[in-house]
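**Student:** Below are the chains, spelled out letter by letter.
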Amino acid sequence: MTKAMTSRQRVQVALDHREPDRVPLGIWSTLDGYKRLRSYLGLPIAEQYPVGSTTWSRDVPVEFDVIDKLGLDVIRVCGRCPGGKSLEKTPDGLWIDEWSVKRKLVEHPSGTYLEIVNPPLKDATVDDLADYPWPDPSDPAVWEGLEERVKRLYDETDLAILAQFGRGGIFEQAKYLRGYDTIMYDMAANPEFVIALFDKLTEVEMKFNEIGIGLIGQYINILRLSPEDLATGDSTFVSPKMFERMLRPYYKRSFSLARKLLKEKNPQARLQFHSCGAVYPLLNALIEDGMEIFDPLQPRVAEGSRPARLKQAFGDRIAFWGGIDVQVTLPRGTKEEIAKEVRTRIAEVAPGGGYILSSSHRIQPDIPPENVVAMYEAAKEHGEYPIKA
Amino acid sequence: MEIFEQISNAVIEGEFGEITDLVQSALDQGIGANEVIREGLSKGMTEVGRRFREGEYFMPEVLVSAKTMNTALSILKPLLVGDTTQENVGTFLIGTVKGDVHDIGKNMVSMMMEGAGFRVIDIGVDVKPEVFVKEITEKQPDVVGLSALLSTTMISQKETIEALKEAGVRDRVIVLVGGAPVDQNWANTIGADGYAPNASVAVEKAKELLQRRPHS
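These protein sequence lines are chains A and B, in that order. So the first sequence is numbered by our numbering: it starts at 1 and just counts up by one. So the second sequence is numbered by our numbering: it starts at 1 and just counts up by one.
Do not take every clue at face value.
[To be verified] Distance condition first, Cα-Cα at most 25 Å in a straight line; then the derived DMTMM-like pairs of lysine to aspartate or glutamate:
1. A:Lys104 x B:Glu2
2. B:Lys67 x B:Glu130
3. A:Lys122 x B:Glu130
4. B:Lys67 x B:Glu2
5. B:Lys67 x A:Asp181
6. B:Lys128 x A:Glu107
7. B:Lys158 x A:Glu147
8. A:Lys241 x B:Glu159
9. A:Lys265 x A:Glu115
10. A:Lys102 x A:Asp128
11. B:Lys128 x A:Glu115
12. A:Lys122 x B:Glu159
13. A:Lys89 x A:Asp136
[Claimed, not checked] Here are some, though not all, of the chain B residues that point toward chain A, as calculated from beta-carbon distances under 8 Å:
14. Gly55
15. Pro60
16. Lys67
17. Asp122
18. Gly124
19. Thr153
20. Tyr195
I should point out that these hints are in silico values taken from the structure, not numbers from a laboratory. Note that the Cβ used here is the ideal one computed from N, Cα and C, for glycine as well.
Generate the whole structure from the sequences, applying the supplied hints.
**Tutor:** So this is what it looks like as structure tokens:
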């Protein structure tokens, strides 16, 4: 029997495409899902949480006490919001983020999401981009205390550390700033604007990563780039041809700088890229350009992009994060159904290493906390290497 | 006729800069607005739908084609007022269900339905079940579309169908459900008449179910 590893060793071995003692465990959550989970675990709930990249579901940094209590292996860290503020409430009751994107709180049957109203660049021209109040990566408020906090995590815990410095990304942030349908339309009919916007967003993303890596690159195991969504569950948003022409050059630029700087600080650290959906047709390009971990494995997307297929096609070149379904199994499944899915996913993806198990997206507000716990319990029970079929 | 083919091609290729001239040229030739829509625009959008369904077209291409169609419709629609020969495949009412404000899927379905000759009534986003009941009672559509993007709001599709039953209007309409987390299984569970995985299939489904419906 293999000797038990520390969390950091376990994650690193898995990312090196070798088999650790058991499948490492990660977490990613919405604010509402996180509060539910804390309350279920009997942990105190703060009045306010700093939200990371301020998207509709409010990314929340999961604190050490939750990681510890659930026996997870990866902790996520990020900088603070530029301007020293977090998501702010405007007098008209809307929430405004560091990109000046306004959102309203919309109630749904099991919680709330922040939904964009009037995208700020909806009617903008190329000239308008020069005067736009872009978030400033060099703002000291973003980085205040980060080095100290992360060094402490590195010295005083044995957790693997995942860091995300970027606060919006390229295609994804363009959707928020311009409006989903407008940017999709622009991709076909208004390429000059798209190019100008992507250029600017890539510059911002790269600057965040450059500064962040400079500060704490030596402590982190995983650098997560700003999440992008390149596909729906059925297909990519744009054709692979259009991706090649209009998106890939920006990812290539962003990946290559982040990778170079990261490896200088810590050659073992790995680059993680996120896109939901049926992304199979784009993965080879993203791998060629430097992606080392793909997040998230999603079992309910179109067949060609499901976990077993991705492992079989790309498992020797990249590692995977995610895998346990947040659309049906986690919100509505029984404990047995959850365990069954965990076993299936482990059998499909864990052999040979290269897998960090987590929910297939953020823990959503409609996921009962006991189901989250059941997922991790099952993963510990069935995740020991060598994996039994 | 050549002009129909040119109009239909302009829609397929998304040539919104040229469509106005083409439509004007058709009208100058004495062709009725209704015929321009049926033989030009609708044929073009049907092909756009096929290309989308078969993975040749993606969202950007569909949106540019839709803009081309809408540019043409803004010229043609005013000419249809009082035109009794106007063909109407049926009336389609659509909304995004309660708690969900996402409208791209809904808008794509609306465009495709309009392109296929349906009269489309879009009642917006975050639509409460009682509002669906009221709108259906008033507007008497043939087909109703319930859209939901989120796994947390698809439950509102179920609530809406229940509200339609309670109000006694459920059997007057064909109910289609769609959206990212929705599948046939869910459609069966909540008692919808049909499910479509994308906008183009929604049109096929609506037409098919309308044909099968016993004429009252």
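**Student:** If a hint holds in the structure, say so; if it does not, say that too.
**Tutor:** Evaluation of the provided hints:
no.: 1; hint: A:Lys104 x B:Glu2; verdict: 50 Å, violated
no.: 2; hint: B:Lys67 x B:Glu130; verdict: 32 Å, violated
no.: 3; hint: A:Lys122 x B:Glu130; verdict: 32 Å, violated
no.: 4; hint: B:Lys67 x B:Glu2; verdict: 22 Å, holds
no.: 5; hint: B:Lys67 x A:Asp181; verdict: 12 Å, holds
no.: 6; hint: B:Lys128 x A:Glu107; verdict: 12 Å, holds
no.: 7; hint: B:Lys158 x A:Glu147; verdict: 49 Å, violated
no.: 8; hint: A:Lys241 x B:Glu159; verdict: 41 Å, violated
no.: 9; hint: A:Lys265 x A:Glu115; verdict: 38 Å, violated
no.: 10; hint: A:Lys102 x A:Asp128; verdict: 18 Å, holds
no.: 11; hint: B:Lys128 x A:Glu115; verdict: 17 Å, holds
no.: 12; hint: A:Lys122 x B:Glu159; verdict: 34 Å, violated
no.: 13; hint: A:Lys89 x A:Asp136; verdict: 20 Å, holds
no.: 14; hint: Gly55; verdict: 6 Å, holds
no.: 15; hint: Pro60; verdict: 4 Å, holds
no.: 16; hint: Lys67; verdict: 7 Å, holds
no.: 17; hint: Asp122; verdict: 14 Å, violated
no.: 18; hint: Gly124; verdict: 13 Å, violated
no.: 19; hint: Thr153; verdict: 5 Å, holds
no.: 20; hint: Tyr195; verdict: 13 Å, violated
Comparing the model with each earlier hint shows violations of hints 1, 2, 3, 7, 8, 9, 12, 17, 18, 20; every other hint is respected.
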